[in-house]
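**Student:** Listed below, chain by chain, are the residues.
2 protein chains.
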Amino acid sequence: MATMSHPLDPISPIEIRKAVALMQACFSPRPIRFKVVDLLEPPKDDVFAWMEDRTQKVDRKARIYYHLDGSPNMGKALVNITKGRIETAEELPDAQGPVDYWEWERVHEACNTHPDVISEIKKLQLPPSAKVVNDPWSFGTDNAEERRRLFQCYMYIVLNDDPEANHYSVPAPFSPVFDAHTLELLWIDRLPLGAGAETVEDMQPWNPVKPVEYAAGVLGESYFRQDLKALQVNQPQGPSFTVRGRNISWQKWNFQLSWNLREGPVLSTVSYDGRSLFYRVSMSEMTVPYGDPRTPYHRKQAFDLGDSGFGLTSNTLSLGCDCLGHIKYFDGYRVASDGQPILMQNVICMHEVDEGIGWKHTNFRNGRSSVVRDRQLVIQCTATVANYEYILAFILDQAANLHIEVRATGIVSTMPVKAGVHTPWGTVVAPGVMAANHQHLFNVRIDPALDGRRNSIVYQDCVPVRDDPKLDPFGCAFKVESTTIQKPGGYDIDLNTSRVYKMINPSRTNAVSGNSVGYKLHAIPSQMIMMGPQSFNFKRGVFASKPIWVTKYKDDELYAAGEFTNQSREDTGLAIWSKRDENVENEDVVLWHTFGLTHVTRPEGKLDFPVMPVEKMMVSLKPTSFFDMNPSNDVPRSNQNLNQSTLVEAKESMCHSKASKI
Amino acid sequence: MATMSHPLDPISPIEIRKAVALMQACFSPRPIRFKVVDLLEPPKDDVFAWMEDRTQKVDRKARIYYHLDGSPNMGKALVNITKGRIETAEELPDAQGPVDYWEWERVHEACNTHPDVISEIKKLQLPPSAKVVNDPWSFGTDNAEERRRLFQCYMYIVLNDDPEANHYSVPAPFSPVFDAHTLELLWIDRLPLGAGAETVEDMQPWNPVKPVEYAAGVLGESYFRQDLKALQVNQPQGPSFTVRGRNISWQKWNFQLSWNLREGPVLSTVSYDGRSLFYRVSMSEMTVPYGDPRTPYHRKQAFDLGDSGFGLTSNTLSLGCDCLGHIKYFDGYRVASDGQPILMQNVICMHEVDEGIGWKHTNFRNGRSSVVRDRQLVIQCTATVANYEYILAFILDQAANLHIEVRATGIVSTMPVKAGVHTPWGTVVAPGVMAANHQHLFNVRIDPALDGRRNSIVYQDCVPVRDDPKLDPFGCAFKVESTTIQKPGGYDIDLNTSRVYKMINPSRTNAVSGNSVGYKLHAIPSQMIMMGPQSFNFKRGVFASKPIWVTKYKDDELYAAGEFTNQSREDTGLAIWSKRDENVENEDVVLWHTFGLTHVTRPEGKLDFPVMPVEKMMVSLKPTSFFDMNPSNDVPRSNQNLNQSTLVEAKESMCHSKASKI
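Protein chains in written order, with full-length UniProt numbering: chain A, 1 to 662; chain E, 1 to 662.
Possibly wrong hints are sitting among the right ones.
Identical copies go unnamed one by one, so any copy, or any two together, can satisfy a pair.
No more than 30 Å apart at the CA atoms, straight line, and that leaves these computed lysine-lysine pairs for DSS-like [stated by the list, open to error]: (1) K44 / K252; (2) K252 / K229; (3) K418 / K470; (4) K616 / K252.
By construction, these hints were calculated from the structure, which means they are not laboratory data.
Here chain A stands alone, though its shape is the one from the complex (with noise of 0.2 Å):
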């Protein structure tokens, strides 16, 4: 029983080949610039039956972006590689597809080369060891009507040769603004350096700073805290996991660890001890949009996912660095533009962690405990998005709790400011340099599964008793409403009633509770998208306005604000889905949830520069009367044979001189 094959594995390199080959020999002698080649996820149907009778063929197919002729209208093919033939393949002059690392270094040299920007640098007599780099931006819908294929060009002064240089630390006053197809430079902005928009039409010469490092290379040896020493995660027996292909098992989880380009890992029909919980649970999409009106600063509203992808932009992780213990590493493939298939290794990474007590009750009568250790399986990615990483990860529990974690780190997005210059929009967190405030609103797709397909979505509110005086003669009693939900559409959360989404199978009873077996969200209450429903940023980015959304199920609807959010115009996702007139009521029903973090880089900000400290956020689904008891009652009680633990001895733990160098 070596590697088996899934519906839902990542596409492989030899299934991008059949794909390619079949589009040039499709299009043959027409060049093909290919963005994409990727998996598109059969039909549910198609993997419910696969799994019901694994002898069912399920065709393998791919979703392909690309460019014909040189043209400057994407195409978009679905190719079944198991049959041989193209599905569908048409051109979409009015959507934009991601970016890819071709077009990126294209335009990224074009805007390195171009006279004119070099003109403009010479303006800044630099010295003669610093360079210019750019950052080409996705470009945010400013203009209805604008069809071309813009980014904008954020230029950045690197002044050392470390290849850690922060560049970041020392952004130029102005932004060209290329054309990606034509290569041409339609425009230069300069950017605005005092609290209002006004500009500065001439360029000045560039004022000296010292850019503020993250560079170990920079900051040499002595700048390091001396005294952290060593702290070592062993897996004497191996780890807990089985891995067949991409099917994992780990303490009574079974699930496919799918992989694409746009959401990164994803993970599909997972299962706790036999039973159904998930079909497919993922990152969705995630949005920036930034609070500083001033040009073209409005135009930055990033969508990391639409725009370039978690997966596409995935680390290659590496052992003792970004992962720590007993580590198990998967890889990924992307494409070159002429469809050669390339290798992303290390793209996820999947380890066991201790994360502390689990469960423990003692008996006081005579101090005999029971202590259940809180044993994780994460499954992580690194997604470097220019400036910016995020760091996604899924994480099973033995307590049935599936746990979506991200952690916010990276460098904030900058741009100069005047000496003494304060802005209502951002915070100085170097000298003539500063970073905006600005929202990150991530949506979580989740599609229940719980005991079968048919679920749906209830939401519960505490609520007192009040003025009862037969029920309640003391005034203490609150009561749970539950309301069933039966139309798609965004819902809320309300914190003064503990309002608690839940999917339900209300098929099935817990013989215990007398309640339906379900999981309930523990959602993220976050401050939802504060830009108006009259700005780009609202219409392109609907989902990013109601914490919670509920769809009745479609294949291939899985991003929140639509399939392409390169210069959207408006949201083509949860905005059109949750209008549709139709039951969500024991159906097939997925639940959306977004959440997110206003970052008010000033005045709460956290000077968090150079690199910042994670920001966490974990959204957690758990069991709710899905079990008849704890499910992690069997785990075998915690105890000093296996753990090992030692005793800090107090003259080690006085011996601060003795401390090692790191």
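Given chain A's structure and the hints, the job is docking chain E onto it.
**Tutor:** Coordinates of chain E only, in the frame set by chain A:
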């Protein structure tokens, strides 16, 4: 430089003996029963003076609760141990002190042996091997005139000899009420078994059920999952901390690890990199009102710090069970009724953990990454309050964040229920057993001293700029509105504006950002107490009605609901202190945060029985403009040389059958 003494050191056994001897000498020959002998913390002025000049003498004092001559009235004495004199000693006929073990055991024994109780038990016609035990509960006030000291004894049936037999799975349907002073049985409550308040007058024979057990001895070896492999944490170079007496240094942090019977561990005189941060951070109170109006359950409202104490009920922790890795333990002391000090071993554990990635950035141009891991210092205790456990931890990290984490675990409080009955007040968690809905409302007290004692509390709201076409032509701008709190009071959280409360030092400006140096509170937005203002539940725990409280510092104002909570009729803490008309801006100010969870065991409950998996809550204090840059910029980069991580080989992770037995 061995043990250093500090004015905030916990009381020592020698000091206990001295204080007790002073009391005994003073009142001789009258017998004294001691309830509590603990440190009375010195005035803050004295501690600050001592920190300026360590030759300053700060008197050591004890706070003593006692009963003289067997009086039902508790006395309170303040004893100056250093000067050898009793400063005050008075009877408090109107206050009920916390439970002490001596008293608890006497009530327990009186209930177990009372002929009327035995006669009730007989009516249950239990099998000969069964035993009945009782949990004396503090008696929640339902009558303002009551002055007796009452305990409500909840009765449970123990069906096997295992020391961890789960009697909470078999509650008996009656509950005697005792006077703790006279040990008189006052009455016996019959417990309601249906949805309404009606009870059965005649005891019926017990209807046999199988208890739901967590005891490994009862479950047997074959019950446990077999595939959990060992995970061990080693620190071959020893810990990164230094301990001198109760003074701890770790990664630029320095603090005094205080401890007392009421609060358990307390962090005092906390500094980072030599700069003062907090004078004192502590868990101040916790109340658990139950939402079940059926008598006698309406009386269930524990104040687990004031009624008993997180220190007093702290477990003795042990290597490999409660703590994984390289561990340092600290002891505490309580007194016997005769005043003898009793050692409470290992009531605090301290160790380092790796919490994943602390920050990361990859230069996507060349793939070069810097990763810093999130090393944390965890200071933890476990309090067992009869059926329930609270795991309280203070967690420090290298980015200068201070986290206060609570894990709720243990066994939910149970009551008998008729077969087939489902009440609106809780969930049936096992046959014949219900767990009532309740709230856990904690209060954390934060006494800031950010670069000095005079600080202010400010809250900030993020609000969109709307309808200002000149300032915000594209409708994307948002700004931060800041309000400085001038008067004490209770304040609200507003998620829709991402409201954040900050402690700042208005006299110290961050040179980079131009803002006042500060720390912000990452609050836990929670539903506040649901019981109405007319209820005793509310009156006793006014602190639980608002998430944020601000007061001006006064010595000995430490406990959110006041000093005496047992059978209290009103909140004598924040309810009073927050009404004083005094300035709190740029003053010695204290910030209090109430948070918690509404534990709806039905219907969103998780069937967390027999022992519930931890429910985690974390409050964080994070720097905001306090430092010039990310304070963890100087943490050595993560590297394999130190971390010694290992790769899971394909073969290894598939060898499921090799799983060793645990």
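**Student:** It remains to establish, for every hint, whether it holds in the given structure.
**Tutor:** Status of each hint after checking the structure:
no., hint, verdict
1, K44 / K252, "within (24 Å within a copy, 54 Å between copies)"
2, K252 / K229, "between (36 Å within a copy, 14 Å between copies)"
3, K418 / K470, "between (69 Å within a copy, 22 Å between copies)"
4, K616 / K252, "both (27 Å within a copy, 23 Å between copies)"
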